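Turn these sequences into a full structure, and let the hints guide you.
Chains A and B, in that order, give the protein sequences.
Using our numbering, read the first sequence as starting at 3 and increasing by one per residue.
Using our numbering, read the second sequence as starting at 42 and increasing by one per residue.
Think of the hints as simulated: they come from the structure by calculation, not from any bench.
Just so we're clear, the structure is a prediction, and the values are computed from it rather than from any experiment.
Using N, Cα and C, we set each Cβ at its ideal position, and we do this for glycine too.
Among the hints, erroneous ones may be present.
[Stated by the list, open to error] Ranges between beta-carbon positions, derived for each pair:
1. B:194 with A:144: 52 to 62 Å
2. A:256 with B:304: 48 to 58 Å
3. B:301 with A:140: 52 to 62 Å
[Unchecked claim] Sample of chain B residues at the chain A side, in silico, Cβ under 8 Å:
4. 69
5. 93
6. 95
7. 217
[Stated by the list, open to error] Which stretches of chain A does chain B cover? Using the computed rule of at least three CB atoms under 8 Å from a CB of chain B, they are:
8. 24-38
9. 194-207
The chain contents come next:
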Amino acid sequence: MYAAVCLRSFRRYSTYRAATGARVFTNTVFGFILSYTYLALWQVRPHLGGYDLSAALTYVWIGQGLLSVLAINDLGALSDLQTRIANGDVAVDLFRPVDQQRWWLAVDAGRAGYQLLTNALVPMLVGGLFFHLRLPQGTAAATVATWAATAVALLLALLVSYAMRHLIALTGFWLLDLRGVQLVYYLVSCFFSGFFLPITTFPPLLEAVARALPFVAVFQVPADVFLQRYDATGTLAALGVQVAWAVVLLGLGRLVQSRAVLKVVVQGG
Amino acid sequence: MAEALHALRCYGHIVRMWIRAALAYPASFWMTMLGNLGASGMDFVIIIVMFLHTHALGGWSLPQVAFLYGTSGLTLGLADLFVGSLDQLGVRVREGSVDTILVRPVPALAQLAGDRFALRRIGRVAQSGAVLVWSLVQLDLAWTPLKALVFVSLLLSGTLIFGSVFVGGSAFHFFMADAAEVQNSFTYGGATMLQYPPTIYARDIVRGTVFGVPLAFVNWLPALYLLGRNDPLGLPSWFRFASPVAALLCVAAAGLLWRTGVRSYRSTGS
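Right, here's the structure in full:
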């Protein structure tokens, strides 16, 4: 059943063609702007943060591609959950014989799948036309392994991102106005996930903070896996960190959800 | 003239109403305002992290880049504060609620620009203004009356140019309500671009901001004069003083686009 929900969600998002086109265009424009700032910086410091110029530019375009897929600065499908909490429709959802957390995960996965095919692919292709980007290199086996590891890292990143956004949406049971919380979340998420600049370019203290937070698992880890910044054991360790965050945050989400449900008062009439 | 005054007065009434509404929930207001302040400050943190690794970006020092950052953010912030609400037009077109607005005896632009006026957007203005003041102190420009005039005209023209992009861009909501996000590329994207020196971009891109969507007139060109820098495009030097002309052209173009948009409005009928 969750697969069916996921598929319907994929289809639903695919009907907003104009909005998708607009999103892709905006991401591409920002990709260009960011690329030129990276170019200027990496020309002065060719191996900043351990990335060469080509890897750094690829990092920019992966970021623009994954911004929507991993919902780094929006709530993704969970904005619907948030609306339903705010207007009380969530009471109807709770009657349904489904697990709420899994239901919304299926909806969000459908969204991410659609955006992977559009918002991720198009900006990366455009970026690849104008800049020299770095694809996985090495022997055939190494290349295949990198692509496979990237796919796994992306799935785990989506899980971690979903778990955090689920928690943010659930705060709606306690707070009336979520705009403040959301804004703060987007800021922290963009900055500490390494979306603007790789966290290896941060000052040591800030880098340590970033490493201790779950946001790295959302963006920098999958990007680094794709750019082959880890050896085999390093990759496994990085994926392990992602799994750990996913388990912890999804568990926390369940806990908060069970508390939140107790708060719901259904008004008759 | 009387019409314009009437429109402004109505805009003022609507704005005051929304400010009172926003202040009715002070906690939420302050949180969102601080959030806005932080959101716009994040870009500056990125610039500072970049300057931890280098003394100059595209040949410009940190105070010089901060000047670009401050002027870009301040002008965008003011434009966003005054007319940024127009980006909700797409939703109204889809719902058909533009009908009610068009039958009221107040110009549609005044109503829609004041609609849900968000005082919290002053957060960006305050943050960019603070960075601008810091950069001016660091730069220690040898002020002359002409420089002061160019500086004031930069702030006014920049706000008008960004405001025109908001108005002109939102006119497209009448044609394609769903593609409204494209406008963000020119407003927020444009402002991000103007935070960095023109020297780091490909020449064709800079040329596009002079002769296409004239964002270069917001701060790049006047900054070349104020900071005494060479023009990477080698344009005639009067371009550095032409921002007010560019701003007036932008306002005219935006007005034309807006009128065309309103005329072509077809109600959804709901």
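Hint check results:
Checking the proposed 52 to 62 Å range against residue 194 of chain B and residue 144 of chain A shows it holds: the Cβ atoms sit about 58 Å from each other. Against the hinted window of 48 to 58 Å, the Cβ-Cβ separation of residue 256 of chain A and residue 304 of chain B comes to about 55 Å, which satisfies the hint. Under the hint 52 to 62 Å, the C-beta atoms of residue 301 of chain B and residue 140 of chain A, about 56 Å apart, fit the expected range. The interface hint given for residue 69 of chain B holds, since its Cβ lies 4 Å from the closest Cβ of chain A, which is under the 8 Å cut-off.
Given the 8 Å rule on beta carbons, the hint for residue 93 of chain B holds: about 6 Å separates it from the nearest Cβ of chain A. A distance limit of 8 Å between C-beta atoms decides the matter here; for residue 95 of chain B the minimum to chain A is near 4 Å, and the interface restraint holds. Because the closest C-beta pair between residue 217 of chain B and chain A is about 6 Å apart, less than 8 Å, the hint holds. Taking a C-beta to C-beta cut-off of 8 Å, the stretch 24-38 of chain A contributes 9 residues in contact with chain B, enough for the three needed, and the coverage statement holds.
Evaluation of the coverage hint for the stretch 194-207 of chain A: fulfilled, as 5 residues show C-beta separations to chain B shorter than 8 Å, against a requirement of three.
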